[in-house]
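**Student:** Take the sequence shown: its position 116, counted from the start at 1, is 116 in full-length UniProt numbering, and no numbers get skipped.
It is worth saying that the hints were derived from the structure and are not from the lab. Treat the numbers as computed from the prediction; the structure is a model and nothing was measured. Hints may contain errors.
[What the hints assert, rightly or not] Okay, the calculated beta carbon distance ranges per label pair:
1. ARG213 / THR155: 53 to 61 Å
2. THR72 / HIS243: 23 to 31 Å
3. VAL16 / GLY272: 58 to 66 Å
4. ARG309 / HIS243: 35 to 43 Å
5. GLY207 / ASP261: 25 to 33 Å
6. ALA83 / THR36: 47 to 55 Å
7. ILE7 / THR297: 42 to 50 Å
8. GLN136 / ALA113: 32 to 40 Å
9. ALA312 / LYS196: 44 to 52 Å
10. LEU104 / GLY277: 19 to 27 Å
11. ARG161 / PRO257: 39 to 47 Å
12. GLU201 / ALA83: 43 to 51 Å
13. VAL16 / MET100: 37 to 45 Å
14. THR72 / ARG95: 53 to 61 Å
Note that the Cβ used here is the ideal one computed from N, Cα and C, for glycine as well.
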Amino acid sequence: MSLFWRIFLLNAVVLVVAAAALLLGPVTVSTPVLFTEAVILTGGLAVMLVANAVLLRLNLAPLERLTRAMTTTDLLRPGPRPAPTGRGEISGLIRTFNAMLDRLEAERGDSTARALSAQEAERSRIARELHDEVGQTLTAVLLELKRVADHAPPTVRAELRQVQETTRGGLDEIRRIARRLRPGVLEELGLISALKALTTEIANHSGLSVRHRFDHDLPALGNEAELVVYRVAQEAITNVARHARATHLELTLAHDPAGVDLRIRDDGRGPGDAPEGAGIRGMRERALLIGAELTVTPPPSGGTEVRLRVPAPTRSS
């Protein structure tokens, strides 16, 4: 039965019962209306309104739940679907909404995977060009400066040495950027070594006091999951160094039968009421690619804690 006819019949039943009570009951209306008659009619009207309101509330409650779900749904934070309660169009509408969410999450996941794959490929290309082209060019410039400095007069040699140091610093910075764009240590030595190198580099360049703790015998997550864990840690640590005004940072990588748990905690000023930026949304998109859960919360001790919960890899038989 359609929603229109259910509401119509509910109201019709209430009105028919009221009319039958007037026609078949002992109550009559005088002219002028007596006080007892006015009390009875007023009470009957109140009963009709309450009954009508209760019946409509029960039948329209699923629509209210669906409206709340529509206003709170975030594709980056998947949650439970509204239950398809109710009858007729209401139940069908909820099922259609759930199917739409499934389709949107699948399409977003596919597009995000393609975008992040293209991003990683572009990062690798830029890193190779920085290392192979710019790095080699600056290395040649350093060698040429050394040759010229060795044959220059003493008054010019000190200035050439200074230019050498500036060029060497630029070369080191380019190599550092290339490592951040393409974490070769992740491919060669694994996730723990890559995270250690990342925290060491951040500590050397930002002045943060960094501690890290890694469980032994971490399960193999696979190349994609390890890259997601590394990129989330990289983004979180970079945010701490740039915006948190923190002095201490702690990185923990632990595991249990349910999965692997990455935590980055700092003692900075915390997220406050500021909306999430592109960095955190990017971390959420990466987490969804591997079915992980990302949370960003202020711990009781202050600062910010970024937690990435990666489910345990399934073993193929």
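**Student:** Would you mind marking each hint as holding or not holding in the structure?
**Tutor:** Hints, one by one, checked against the model:
1. ARG213 / THR155: 53 to 61 Å: Once the Cβ atoms are compared, 55 Å apart, the range 53 to 61 Å for THR155 and ARG213 holds.
2. THR72 / HIS243: 23 to 31 Å: At 27 Å between Cβs, range holds.
3. VAL16 / GLY272: 58 to 66 Å: holds, 60 Å
4. ARG309 / HIS243: 35 to 43 Å: Given a distance of about 24 Å, which is not inside 35 to 43 Å, the answer is violated.
5. GLY207 / ASP261: 25 to 33 Å: holds, 28 Å
6. ALA83 / THR36: 47 to 55 Å: holds, 48 Å
7. ILE7 / THR297: 42 to 50 Å: holds, 44 Å
8. GLN136 / ALA113: 32 to 40 Å: holds, 34 Å
9. ALA312 / LYS196: 44 to 52 Å: violated, 23 Å
10. LEU104 / GLY277: 19 to 27 Å: holds, 23 Å
11. ARG161 / PRO257: 39 to 47 Å: Violated, at about 59 Å.
12. GLU201 / ALA83: 43 to 51 Å: With Cβ atoms ~49 Å apart, the hint holds.
13. VAL16 / MET100: 37 to 45 Å: Hint holds: Cβ distance 40 Å, inside 37 to 45 Å.
14. THR72 / ARG95: 53 to 61 Å: Because 19 Å falls outside the window, the suggested range is violated.
Hint violations for this structure: numbers 4, 9, 11 and 14, all remaining hints satisfied.
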